[in-house]
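Asker: Top to bottom, those sequences are chains A and B.
Using our numbering, read the first sequence as starting at 183 and increasing by one per residue.
Using our numbering, read the second sequence as starting at 183 and increasing by one per residue.
Simulated from the structure, these hints should not be mistaken for laboratory data.
Hints should not be assumed to be uniformly reliable.
It does not matter which identical chain is meant; a pair holds if it fits inside one copy or across any two.
Claimed, not checked - The list that follows gives simulated cross-link-like pairs (lysine to any residue, SDA-like), each with its CA atoms no further than 25 angstroms apart:
| hint | residue 1 | residue 2 |
| --- | --- | --- |
| 1 | LYS208 | GLY243 |
| 2 | LYS202 | GLN337 |
| 3 | LYS232 | LYS396 |
| 4 | LYS315 | GLY215 |
| 5 | LYS315 | LYS370 |
| 6 | LYS370 | ASN275 |
There are 2 protein chains.
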Amino acid sequence: MKDALQVVKIGGNIIDDEAKLNSFLKDFAQLTGPKILVHGGGKIATEVSKGLGIEARLVDGRRITDAETLRVVTMVYGGLVNKNIVAKLQANNCNALGLTGADADIIPATKRPVKDIDYGFVGDITEGTIPAKTLKLLLENNLTPVIAPLTHDGQGNLLNTNADTIASALAVALSGHFETRLTYCFEKKGVLTDINDDNSVIHQITNNQYTSLKNDGTIAQGMIPKLDNAFRAIAAGVTSVFICHADDVLPILEKKATAGTELVNS
Amino acid sequence: MKDALQVVKIGGNIIDDEAKLNSFLKDFAQLTGPKILVHGGGKIATEVSKGLGIEARLVDGRRITDAETLRVVTMVYGGLVNKNIVAKLQANNCNALGLTGADADIIPATKRPVKDIDYGFVGDITEGTIPAKTLKLLLENNLTPVIAPLTHDGQGNLLNTNADTIASALAVALSGHFETRLTYCFEKKGVLTDINDDNSVIHQITNNQYTSLKNDGTIAQGMIPKLDNAFRAIAAGVTSVFICHADDVLPILEKKATAGTELVNS
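Whenever a hint applies, use it, and build me the whole structure from the sequences.
Answerer: Right, dumping it as structure tokens:
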């Protein structure tokens with residue numbers, strides 16, 4: 183039997199709130215066995231951009247990563263956010279090591295091709311191209327990789343890359359070596375049947391159930407990309423995916439409580 | 183016989199000039215065998231600080247790392263500079279991996295005690311406290327660590343730390359496992375007998391010769407801390423230290439030319 187590996191992703195709602203971040207990292211540090219933390223960006227990049235007089239460029243409501251913005255996200259995601267998480271995990275006796283996708287070439291990517299919109303320095307990951315070797319080496323030596331949402335094109339350019347996608351791509355790549363569980367922390371307690379009722383959490387969904395809930399409109403628009411992504415990860419070898427509140431990560435993953443939503447193979 | 187390890191340090195004069203940096207990294211990538219790159223900060227941190235309206239605080243001419251400045255150096259040194267170097271080395275087929283001293287706890291440090299001056303979040307490294315284990319693991323797996331001038335106190339705080347000191351501390355720590363050569367790249371061709379004559383390079387200095395040259399005033403003020411540091415590294419186990427221009431790193435370290443200044447045990 184393969185060892186279990188936890189891949190946990192946190193986003194801006196935790197990163198932007200120091201008390202929440204500290205509490206989450208204390209829990210994460212206590213998870214036993216091999217684990218990886220993937221973090222998103224948060225509002226700090228927007229604040230730093232404003233401070234430096236760099237205007238956010240949006241096309242059709244989507245943010246464009248021009249050269250100046252790439253510098254800011256490299257500073258904020260790869261430096262400030264990543265290294266502060268690492269230092270805090272070290273203080274919690276977790277031997278963390280912060281990486282972008284360029285480091286040890288752990289996440290090769292390609293710059294998104296220009297079609298209707300030029301997204302700028304944004305990276306797309308090609309399925310099956312992530313080498314597991316270095317991450318496996320680090321995990322086997324009790325190191326905990328902390329991954330910033332940046333990849334690279336192998337030609338010297340860093341690329342801004344969606345953290346949800348990175349988390350699922352890493353979980354898939356490592357599923358050949360570990361029994362991999364992927365957890366997305368977000369601001370709700372799980373996937374809800376009623377978006378206005380925080381207690382309407384669906385505790386388990388199969389792919390078939392998901393299709394029905396999507397078709398009848400029960401699952402809200404914003405959740406669809408996250409769930410599609412999660413079910414693709416399961417189809418590609420990930421054992422299960424949890425979607426839950428950051429407060430529930432430790433009890434769920436240590437199997438001491440039923441909370442959040444678990445997505446499983448149908 | 184132990185394998186040779188090259189520890190090379192670059193500073194602001196290379197980091198701040200993209201053409202020089204690209205040329206240096208191309209050479210560095212070609213060095214065969216295990217190697218580590220340590221980089222300093224450069225002017226970018228000052229520019230970003232200015233942009234964000236953070237004033238440099240100087241006490242008796244020495245820069246103070248307050249909390250705001252620490253955020254900037256974490257962004258710039260740990261993020262922008264470090265990750266761009268990594269991406270560029272990857273493009274040169276060098277499997278680089280960027281780290282601060284907090285990552286994998288490779289450089290534990292202590293916040294400098296407040297005496298006459300409170301330097302703020304500045305880290306001092308205690309001799310003999312650097313664990314070689316993780317760096318050795320990375321080097322043995324053909325990874326090239328790229329180290330930013332940041333350490334941590336083990337209590338969740340990053341600390342701004344002199345890159346020359348980091349380079350020598352790492353070289354010393356690894357000298358038990360490798361035959362370690364430490365190279366400082368700077369803007370001159372080596373240690374000069376006449377500061378106004380770039381061709382007056384002293385090609386080799388022993389510790390005894392250094393004492394004489396220091397006493398008779400031949401060696402200029404600015405070079406003394408660098409050389410003191412270098413001779414301490416040699417006394418602590420480093421095989422030799424080169425001080426040279428970045429352009430000469432490859433020929434010197436591949437032993438294809440005599441250039442720069444080599445410091446050796448007397």
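Asker: All hints are to be evaluated individually against the structure, with a verdict given for each.
Answerer: Here's how the hints hold up against the structure:
1. LYS208 - GLY243: neither (36 angstroms within a copy, 40 angstroms between copies)
2. LYS202 - GLN337: between (37 angstroms within a copy, 18 angstroms between copies)
3. LYS232 - LYS396: Classified as neither; 38 angstroms inside a copy, 50 angstroms across copies.
4. LYS315 - GLY215: both (18 angstroms within a copy, 20 angstroms between copies)
5. LYS315 - LYS370: Answer is neither; intra-copy 34 angstroms and inter-copy 41 angstroms both fail.
6. LYS370 - ASN275: neither (28 angstroms within a copy, 43 angstroms between copies)
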